[in-house]
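The lines below spell out each chain.
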Amino acid sequence: MLREETEPQKKFRADVRAWLDANLPAELRHAAGRLTPPELRGWFKKMADRGLAAPHWPREWGGIEATPVEQIILIEELARVGAPDLPAQGLTHISPILIKYGTEEQKREHLPKARTGEVIWAQGYSEPGSGSDLRSLTTKAVVDGDKLVIKGHKIWNTGAHYADWLYLLVRTGEDRRARDAITLVLVDAKTPGVTARGIRTLAGDDELCEIFLDDVVVPLKNVVGKIGEGWTVGTALLAEERIRSGTPIHALRALSRLNLAAQATGADRDPWMLDRIARAEIEVMALEASYLEALEMQQAGEAEAEDSSRLKLFGAEVTQFVLEVLQDVTGAHAAVRAPLASNEETPDFTQSFLQSRRLSIRGGTNEIQRGIIAMRALGLPRPGGHA
Amino acid sequence: MHSLKDSDRHIVDSIGGLLDDAGGLARVRRLQSTPMSLDRALWTRLASLGWLGAAVPEAQGGVGLALTEIALLLEHAGKRLMPEPLVLALSGARLLARCNTQAAAALLAAVIAGKTLCVPVEGGVAGEGRAALAADGAQRVSGRTGYVSDGHVGDVFLLLLDVNGTARLCALARGAEGLTLESEETVDGGSITRLRLGGVKLADMTVLHEGTGALVAMAEAEDLLRIGYSALLTGLMDEALEMTVAYLKDRRQFGVPIGSFQALQHRAASLYVIIKATRALLYEACKAGPERRGVAALGVKAYAAQSAMQTVKECVQLHGAMGYTEEHNMSLFFRRAMSLAVAGGDASSCRKLLYGERQNIRAI
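Taken in sequence, the protein lines are chains G and L.
Quick note: the first sequence uses the numbering used here, first residue 1, plus one each step.
Quick note: the second sequence uses the numbering used here, first residue 1, plus one each step.
Hints may be right or wrong, so weigh each one.
[To be verified] Calculated cross-link-like contacts (lysine-lysine; reagent style BS3-like; alpha-carbon spacing at most 25 Å):
| no. | chain 1 | residue 1 | chain 2 | residue 2 |
| --- | --- | --- | --- | --- |
| 1 | G | K221 | G | K100 |
| 2 | L | K249 | G | K10 |
| 3 | L | K287 | G | K11 |
[As the list claims (entries may be wrong)] Quick list of the computed label-pair ranges, beta carbon to beta carbon:
| no. | chain 1 | residue 1 | chain 2 | residue 2 | range |
| --- | --- | --- | --- | --- | --- |
| 4 | L | E291 | G | E27 | 57 to 67 Å |
| 5 | G | W61 | L | A105 | 55 to 65 Å |
| 6 | L | G289 | G | R80 | 11 to 21 Å |
| 7 | L | P57 | G | E296 | 56 to 66 Å |
| 8 | L | V216 | G | R357 | 43 to 53 Å |
| 9 | G | E7 | L | V256 | 51 to 61 Å |
| 10 | G | E4 | L | T212 | 14 to 24 Å |
| 11 | L | A105 | G | E7 | 32 to 42 Å |
| 12 | L | V216 | G | S132 | 52 to 62 Å |
| 13 | G | T265 | L | L215 | 27 to 37 Å |
| 14 | G | G384 | L | S37 | 29 to 39 Å |
| 15 | L | A109 | G | G331 | 37 to 47 Å |
By construction, these hints were calculated from the structure, which means they are not laboratory data.
The beta carbon of each residue, even a glycine, is placed where N, CA and C say it ideally should be.
I would like the entire structure built from these sequences, with the hints used as guidance.
Here it is as structure tokens:
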């Protein structure tokens with residue numbers, strides 16, 4: 001962070017740094033692959049107990065109401081030691097929505113367990129026929145007394161085969177374009193009729209999933225907001241998700257790997273490489289500044305409608321750029337299959353690069369975000385032929 | 001961008017009103033085609049509004065703006081392509097304000113009043129001739145400085161010298177014996193200028209400050225140059241995109257506004273993202289503490305130069321053949337961006353220095 005830190009902020013950083021040094025297991029530092037929820041369970045719990053798993057949450061629900069600057073400090077310190085990401089769906093996707101729209105019962109039941117990682121969440125939005133055009137989704141839910149009966153097929157559900165609970169957008173109205181035809185509902189993954197299956201990715205893991213829903217019976221009290229409010233609630237959720245998707249943590253962690261690699265390969269003595277590395281550092285500075293500004297504006301109630309799209313796409317591009325420089329720096333090793341275990345001594349060169357392709361796709365592709373910016377921020381006309 | 005406070009609104013309205021009333025882009029066009037000119041009337045107006053003392057504390061006769069406020073002032077000057085060397089003047093004034101001599105105080109008063117233009121020279125184009133000038137045994141100085149954008153306007157140059165191993169900040173008047181100005185005209189009608197010193201007598205230079213303080217003050221003046229030029233570039237690219245978006249909405253082909261085509265929408269959206277990022281970085285850099293200020297200023301200058309060039313190139317392209325004409329105002333933006341991109345250090349020079357600075361910080 002470029003900004004001068006106050007004394008309390010310096011102390012916050014020192015405390016977090018000391019705690020991370022003492023508590024983050026060596027085998028989790030700069031891990032090559034994406035760690036699975038079972039592998040992360042212990043670390044998740046430790047972070048939660050310290051108030052750091054969801055630092056921006058209200059104290060009422062176990063957060064520490066971290067200020068934007070404190071959130072940045074935490075992000076920098078986590079990246080510095082190469083700490084792994086915690087599964088984000090519960091923490092930054094569904095929980096903020098429950099805090100805003102959930103019933104007291106939903107909050108009491110789900111928030112504490114989401115915060116500690118005791119319950120892992122997965123999102124069910126996209127479908128085979130409804131990706132970028134999400135509103136055309138066809139997974140159908142029929143109200144039957146005090147229950148919803150759900151039938152359909154969801155896809156691209158990160159980590160769904162590890163999930164204990166799912167949150168789904170389902171169709172409860174017939175009119176395909178109507179705003180009140182979609183509902184957000186919480187589903188226990190153990191409910192009969194729910195089948196989640198992994199899909200192998202380009203990076204060689206199987207974190208993408210598809211979910212089959214075969215007459216899944218869910219109590220009506222699991223609906224978030226009202227029936228037909230899912231699009232509003234879900235859009236709020238997407239905005240929250242995308243601002244947090246703009247987190248500089250991926251870029252900072254990539255930069256930390258880049259610096260390790262530059263030292264290891266001698267690239268930090270090559271003027272051409274130094275120019276590329278400096279450019280990567282500056283891009284990350286710009287991302288951090290943008291993220292901090294967005295968090296502060298959100299806190300001040302001045303967030304702009306397109307902030308989330310802008311941050312999401314900028315964060316993805318900066319991270320991908322840093323990893324491209326990392327590829328340049330590593331020479332022939334840029335093609336090596338990642339070591340099974342990696343750490344500070346043997347930084348991974350290829351896994352993070354492979355995995356970074358997802359950043360510009362998930363949560364709405366960068367092209368979708370550009371379309372949103374063009375229309376909402378720049379006021380350009382809607383492209384012809386699309387309603 | 002956070003919503004503006006009243007004091008910020010005053011800054012924005014004052015500089016905007018001044019430049020619009022003076023003739024807007026028509027005046028800019030005239031000045032761009034008049035090599036190395038200075039609109040003295042406008043300079044006097046800047047002085048009377050107090051803006052030449054923007055970076056000087058109130059106790060020393062200035063307005064005492066915070067760095068973020070200076071950036072705001074310059075961002076809005078940049079939106080209107082202000083050709084005047086305000087960044088140089090602010091940086092020179094700040095440097096004088098940090099000096100502890102009577103001579104510096106007298107010079108500062110003349111600078112704030114708009115009577116004398118003081119140009120800090122060590123902040124030349126980075127990487128070129130940065131070797132400190134040293135006095136020889138005969139108490140004379142010879143050598144060539146680095147480039148200073150628009151240095152041709154200087155009445156007095158503020159030079160950092162090595163005198164028997166001690167840093168000394170001196171004032172050197174334009175007409176001094178042995179001093180030659182080597183100016184090359186830039187594409188926007190300004191200049192890059194170097195000073196050639198051919199045995200200039202130490203006795204002909206006025207001592208302003210000595211020792212480590214002189215070095216620190218010069219470094220701070222360089223940071224202000226970089227932040228200042230970045231702010232001008234931020235305003236420039238913001239306005240260039242605004243003009244371009246208006247054109248995309250207005251221009252019709254195939255029976256629809258060309259702004260409805262995704263190929264063009266996405267390019268405009270990409271510019272929007274980097275312009276917002278540049279502005280966020282600019283204001284964050286303004287809040288840097290003393291330890292990080294050098295890195296922050298280098299980082300934002302490199303980023304602003306790169307982003308602005310990308311922006312004006314795209315804006316010309318998005319205007320089609322109109323964008324390539326001299327007649328269209330985008331030509332003014334394009335050439336000004338080229339010039340501002342190298343002022344205070346071009347992008348790759350800044351990156352080179354940044355890497356060096358960062359290594360130093362790490363070593364600490």
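Checked hints:
no. : hint                          : verdict
1   : K221(G) x K100(G)             : holds (16 Å)
2   : K249(L) x K10(G)              : violated (49 Å)
3   : K287(L) x K11(G)              : holds (19 Å)
4   : E291(L) x E27(G): 57 to 67 Å  : violated (34 Å)
5   : W61(G) x A105(L): 55 to 65 Å  : holds (59 Å)
6   : G289(L) x R80(G): 11 to 21 Å  : holds (19 Å)
7   : P57(L) x E296(G): 56 to 66 Å  : violated (28 Å)
8   : V216(L) x R357(G): 43 to 53 Å : holds (46 Å)
9   : E7(G) x V256(L): 51 to 61 Å   : holds (58 Å)
10  : E4(G) x T212(L): 14 to 24 Å   : holds (21 Å)
11  : A105(L) x E7(G): 32 to 42 Å   : holds (35 Å)
12  : V216(L) x S132(G): 52 to 62 Å : holds (54 Å)
13  : T265(G) x L215(L): 27 to 37 Å : holds (35 Å)
14  : G384(G) x S37(L): 29 to 39 Å  : violated (48 Å)
15  : A109(L) x G331(G): 37 to 47 Å : violated (59 Å)
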